[in-house]
Amino acid sequence: MQDESFRGMCEDFAAAEYALACADQLPPHIREERRTEFKGLVESLAAEIEQALVRTMGV
1 MQDESFRGMC
11 EDFAAAEYAL
21 ACADQLPPHI
31 REERRTEFKG
41 LVESLAAEIE
51 QALVRTMGV
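Those letters in the sequence shown? Residues 1 to 59, by the numbering used here.
If you are wondering where the hints come from, they were derived from the structure by calculation, not from laboratory data. As the structure is a computational prediction, the values presented were derived from the model and not from experiment. Here a beta-carbon is modelled for each residue, glycine too, at the ideal position from N, C-alpha and C. Accuracy of the hints is not assured; some may be wrong.
[To be verified] FRET-style restraints, in silico, Cβ to Cβ:
no.: 1; residue 1: E33; residue 2: M57; range: 33 to 43 Å
no.: 2; residue 1: R55; residue 2: R31; range: 32 to 42 Å
no.: 3; residue 1: E50; residue 2: Y18; range: 17 to 27 Å
no.: 4; residue 1: H29; residue 2: T56; range: 36 to 46 Å
no.: 5; residue 1: A21; residue 2: I49; range: 16 to 26 Å
no.: 6; residue 1: A21; residue 2: A47; range: 14 to 24 Å
My request is simple: use the sequences and hints to build the entire structure.
What follows is the structure, given as structure tokens:
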């Protein structure tokens, strides 16, 4: 795994978590749709990070 690639995944994960945390401040007509979108992104990135760590550690 390249450090830049992993760092990028972590930065994307942090940004997605922040966006999810801020979703309650969005206008009501788009709030739930965005919350669902951001939650899916957080889950996807978490799985991708976990897979990268498993590959690196050879587990």
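C-beta pair A21, A47: status relative to the range 14 to 24 Å that was hinted
holds, 20 Å
Would you say the C-beta atoms of A21 and I49 sit inside 16 to 26 Å of each other?
Holds - the Cβ-Cβ distance for A21 and I49, about 18 Å, lies within 16 to 26 Å.
If you check the beta carbons of E33 and M57, does the distance land in 33 to 43 Å?
Check passed, 37 Å falls within 33 to 43 Å.
If I claimed the Cβ atoms of H29 and T56 lie 36 to 46 Å apart, would that claim hold in this structure?
holds, 43 Å
Do R55 and R31 keep their Cβ atoms within the hinted range of 32 to 42 Å?
Cβ of R55 to Cβ of R31: about 36 Å, so the range 32 to 42 Å holds.
Starting from the hint 17 to 27 Å, judge whether the C-beta atoms of E50 and Y18 obey it.
holds, 20 Å
Checked against the numbered hints given earlier, the structure satisfies every one of them.
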